[in-house]
Amino acid sequence: MGQLISLEIDGNKVQVPAGTLVVDAARKAGVDIPVFCYHPKMEPVGMCRMCLVEIGRPQMNRDTGELERNEDGSYVIQFGPKLETGCTEVVSEGMVVRGMTDEVSRARKDIIEFLLTSHPLDCPVCDKGGECSLQNLTMEFGSGDGRFLYDEKKHFSKHVPLGELIYLDRERCIQCGRCVRFQDEIVDDAVIGFEGRGRSLKIVTYSEPGFDSYYSGNTTDICPVGALTTSDFRFGARPWEMKAVASVCTHCPVGCNLTLNVRRENKSGGDFVVKRVLPRQNEAVNEIWICDKGRFAHHYASSEDRLTQPLVRVDGELTPASWDEALELVAKRFKEAGSDLLTLASGRISNEDLFNLRSLSDHLGGSTALYSEMAGGDLVAQVGVGQGSNFSNLGPETTIFVVASNLEEEAPLYWLRVKQAAERGAKLIVANPRHTKTERLASHVLRYPYGGEAALVLALTNSLSTKRIDLPNEFREIERSREIQAAAKDFAEADNAIILFGNEGTGLQTSRHLAQACANLLIITGHTGKANNGLIAVWQRANTQGAWDMGFRPAADLIETVRSKQALYIAAADPAGDDPNFVEAIKTTGFIVVQELFLTETAKLADVVLPAQAFIEREGTLTNGERRVQRFYTAVPERLQTRPDYSITAQISQLVGLELEDKHPFRVMEQIAAQIPDYSDVSYEKVSAVVEQWPIIGRSDLYYGGTTYENSQGLGYQLQPAAQKGQPVSLEAVQLEEFDSGGEAGLVAVPVTVLYDRGQMVIPADLLHQRIPEPYVVVHPESIAHLGLIDGAHVRLDISGIEVDVVAHLDETIPQDVLLVPRSMGIPIHGPTPVEIAVVEQAVT
Amino acid sequence: MIAEKYAAEIEIILAKYPPDQKRSAVMALLYLAQRDGGYVTKGDMVEISEILGITPTEVASIVGFYTLYHDQPEGVIRIQVCNDLPCALRGADEFLEKLCENLGIQVGETTPDGLVTIEAVMCLAACDKAPMFQVQSADGLSYYEDQTVSSALEVVETLRKQDAS
Amino acid sequence: MMNEFILLRHRQIPDLDQLEVYRQHGGFEAFQNAVTAMNPNDVTQEVKASGLRGRGGAGFPTGLKWTFIDNENWPHYVVANADESEPGTFKDREIMEGNPFQFLEGVALTAYAIQATEAYIYLRGEFWQIAASLDQQIEELEAAGLLGEKIFDTDFSLRIFTHLGAGAYLCGEETALLESMEGKLGQPRLRPPFPPSYGLYGKPTVVNNVETLTNVPYIITRGADWYTSIGTEKSTGPKIFSLSGRVNKPGNYELPLGTTFRELIFEHGGGIPDGREIKAIMAAGASSSLIIANEEALDTPMDYESVPNVGADLGSASVIVIDDTVSIDWVLYKTLHFFSHESCGKCTPCREGIYWMRHIIDRIHQDEASWSDVELLNEVAYQIKGKCLCALGEFAIEAVTSGIERFESDFRAKAAEISSEG
Ligand SMILES: Cc1cc2nc3c(=O)[nH]c(=O)nc-3n(C[C@H](O)[C@H](O)[C@H](O)COP(=O)(O)O)c2cc1C
Ligand code: SF4
Ligand code: FES
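Chains as they are written, first to last, in the working numbering: chain Z, 164 to 1008; chain C, 63 to 227; chain B, 13 to 434.
Please keep in mind that the hints were generated in silico from the structure rather than gathered at the bench.
On a predicted model such as this, the values are computed, not experimentally measured, just so you know.
Glycine included, C-beta positions come from ideal geometry on N, C-alpha and C.
A couple of the hints might just be wrong.
Under 7 Å between C-beta atoms, here's a sample of chain Z residues computed to sit facing chain C [unchecked claim]:
1. R360
2. G373
3. S727
4. Q729
5. L762
Heads up, incomplete: computed chain Z residues facing chain B, CB under 7 Å, no partners named [stated by the list, open to error]:
6. D173
7. M205
8. G209
9. C211
10. I274
11. F277
12. E315
13. G361
14. R362
Next up, chain Z with everything else stripped away, as it sits in the complex (with noise of 0.2 Å):
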């Protein structure tokens, strides 16, 4: 924090830390400095120069260099002869600020004016009405008249598309550069910028598709009037209609705080229902931020297709049934199957009802497994990142390791607050066998081969150690090389040091061995135990480590694995949708519930399929990739017969003379601590604490931060992991698999993650349909000279015996012989898998 610096504004005594603006300092003592164009989480710029306040600093005795006093002892004061912007002057030693001058009310009078000559007076019909800056600070400062002719006004359009998801209303933009900053600044996409100059200045895009940028919503919360919003929210509500409900996100590890407006609405029947999704602040995980998927995506769970009532199967048919008849099924046909029972489930599901589903399970003999291509959460447990850490406050002692993931993709503010821990001084080291977005402000990148991740991390931790691990010839060269030598030693001296890693190209298996060398080279470090320290995984699902955490395991042959049981308990997973050789494996089994919000195509091979909840009608916890435990809260009431899973599972336990808690979530966390030591310390109350947090943000005052809501509903509870509890962590051999980079081999299939995928939390949701791409597979154009193929050329992949028919690109920046699928596409991928490509037809161009 370093040196604390005493000022006076509005005769408000306030001490704040070097380098604090005024207008901050201000905020600090209590008192609204009116701004625009400044944003607490950007440089100070000075345009809109609503901020004049009159600045008085000590005078200094030219000869002495000593602050000259009043006979009291105070400061003698001098005032410029200017009014001066607050935002952008820093505090000083006995600083007086006046806000409340005749002078400076004049001028705050007088900027209001300058603004309101070209806003359209559409306030009426203003999405932002109720929550706009210049209208609050028109009702503070503005005069009642106007003295402007109105002919005379500056007319643009109004109805300006920037992208399909954010539209522009030039008049009512004010110029305040907000938007065009975040997008440079903050998110390093300037895909917005002004053109023209003077009073025809306007916001365009120039990218395709329109304001290309997976952070575009965030520009409708800051934008301090109703020029920019969302298609999504668009003459949908006004603000004080709704009611603001805090929530977390569901699509990635991140776990971003989020509040969900919502309102009785009458085309859902008078029902509450979401109108939209707005960041709340939560400086440890996402500031203010989110990204598109989250705010956009959450239509999934208001969808017309989800699944409403028990469907049981009769007659080769599924079938309308009451709860009580398929309940009763289940626990006869689970009771009998007993340790034949294979519980499956993914972390797309809460903690509480991972744990119902666990207990049922275990209190039965079954088994249970973790739908998921990604290991290490027992590792995560071990040495994760400690209690207390925060990207928010890692700069230069610190070193970041990001490792297999296209960070950006994978976990859109994952990979922001890594760039921001790099510009603030951190090093950052990337290794991807291909270029990402992440690599921008690298200090080291490294590249290996597909399939090669933990040979990568191996090479790093043998330049630290004398114990050398024979790694594969591939790696001769790396190891030797000397980015990896500086690499490795920027992370053994940092102070600090996380390792993010993530998904690409991996596979379980390669997953786990990834991990097990990531901690590895934790532990040799000494990087764990600590806050700012330890190991992240980037997990694909937003409660994964909450599944570790709960006993879940990914099988190492899910196929087999399923293929051997008689009974199926499928919670919050779609492996035959995503994998067509599921289907035989689960149709062998006899007997298969699906817990479902969605008629899945695994829900379509069930006997009884339970409709459950989607998290914005009931309660719960998830814990996010750097354990953190954070809690959701019920926004909307339930869809006719849906029920939360937790509950589902509690019901069927009572009918198989289990007691499970199936009503009050706040009851099954209480069981949760009481039996997994992890969560021993972990409570509602503890979740939903909160403390002031810094900088204030601020909604509908003077000091306008954007639409962020405040978050007065917790902040969550960071579990700490082993080693921080002074429990021993072991080193373990990592074994290599042998790994084909291509070559004889021919090509390799690996999955990748794209942030828009083709899921089902993301395709129900009709907005980000522009966005989502068709099935397709990226290429380097040398891998299949032989083919003759041009981008955008129909294929037909040959892959796991399946044979699927989707688009090609090529790139020349990705390495030969591999074939880059994403996940989620339709294409059936678990891990690097040999394919073969046949041309269908070329495209037409």
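Fit chains C and B with the ligands to the known structure of chain Z by using the hints.
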């Protein structure tokens, strides 16, 4: 494709700036593109953005800010008459009016043959030699100073002939 | 007239734009002497002692500016401001066309003084032919060993490059110029920090006007004492006055600072055409206050200290003469159209205020306004005052407030026309 066509020139331009400050070359590259096609196309902007490692939007912003870049095709030559205060004090407004009359177009318009666009511009640093104008064409800019309407019409005729040949 | 030109020497020496000729007349001796026999700080001190002040408009002491260069941060840059876009200013163009080597030598000396190894010349886009000649002249200098690596076999190396703007008045403002050079919109930066600590690419940078730089070789050759003997005590040296508007002989006049308006306009400029009376003077182009051209004003010396006595500033000394055939509302109409065209739009008062003023002056000029509109115009001007991010907005109101105050009757007449009609 200016990248290929002007490879050597682009190299010389980029060499003026530190290697990590390639963006500085954006103005010069836009002149290249404009010289090539008379105006800057969207394709040019994309190409320039790729050469410099910035976004097409950032390039477009530059085009939109500076008055000497054009993103629309107009006349083959643009006659830009200064009628700013000092020139106007020496008859530039009347000169412009008469010139327009003679060409049969208004300020901002292009002659029906698509050859000449006439524009009024701000001070060109030739105030002592008013009335004056500059001619902007694919070949660059040239000043014509101490003009009369008839001398200006002669200039137009000469340019017309040049264009025809 | 001075018997010897210092800046416009090409008017006396034919073919001075040939390197050979320039060298025959002592060209590059100052540079050679500085690089081989002076240490960089001595060059700065000499310039400081000469009292040379910036000729770009602000009149800031040049040597003092050089001493602000941050020596903890490298590399350093010199940027010559050749944007020359102030209406009524056309002096830098003549220097670069006629006496380019003296200017380039000034750039080189400045670079040596602050130990910059790269210097850029930012020219307004319209000067592309000048840029092409400069490129060629720079090449000649490199070939002659006067620029490039290890000049005069010392460790000092210097390269000079030209950079063309593309039509934006504001790019003459030094921080907007730097932004523009970096490939961004030509909008001003926040100051402080000033260019000597945070300039081009964030590095310490000296930005000087072409005319300023062209003085430097002489200061080094002949010494500060000689230089201070020209001009007045606080405004030393020669100055090029760009004379335009209603005079018989418009043009550039190199005269000592402190020459009176009368001498410039009537002796050198040949007085007002058609026997009309002089009415008003703008001393710093369109950015000026309107000076009532009475006897007192005409006898005022044109230097940095005296012009404020008649309610204006010397600025870049672009003297626009207005005679009694001109109504001042038309002058404002012209200047406000200029400024509303050139406002970059970054800050609110300038972007919105000038747009508003332009609409009011349009109505006044078209006889559609009443006196209350004139008052409103004045109020809006004061509403802008002191609130802008850079000086452009402040420049835009100079003529408005001074015009309405000092030539009220012209506006009364306009307002009267409307009331008598309506
Ligand atoms: C709106 C505006 C326009 C300016 N235009 C020019 C210009 O065209 N040429 C110039 O040399 N200085 C211009 N200046 C002044 C520069 O900002 C800067 O003071 C000057 O380049 C410094 O050089 P000097 O000290 O040698 O005068 C302008 C300033 C402002 C505020
Ligand atoms: S769109 Fe909104 S955020 Fe962007 S410049 Fe305009 S007012 Fe500011
Ligand atoms: S200038 Fe300070 S908030 Fe805009």
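Query raised in the report: So which of those numbered hints doesn't the model satisfy?
Result: Numbers 2, 3, 4, 5, 6 and 7, in rising order.
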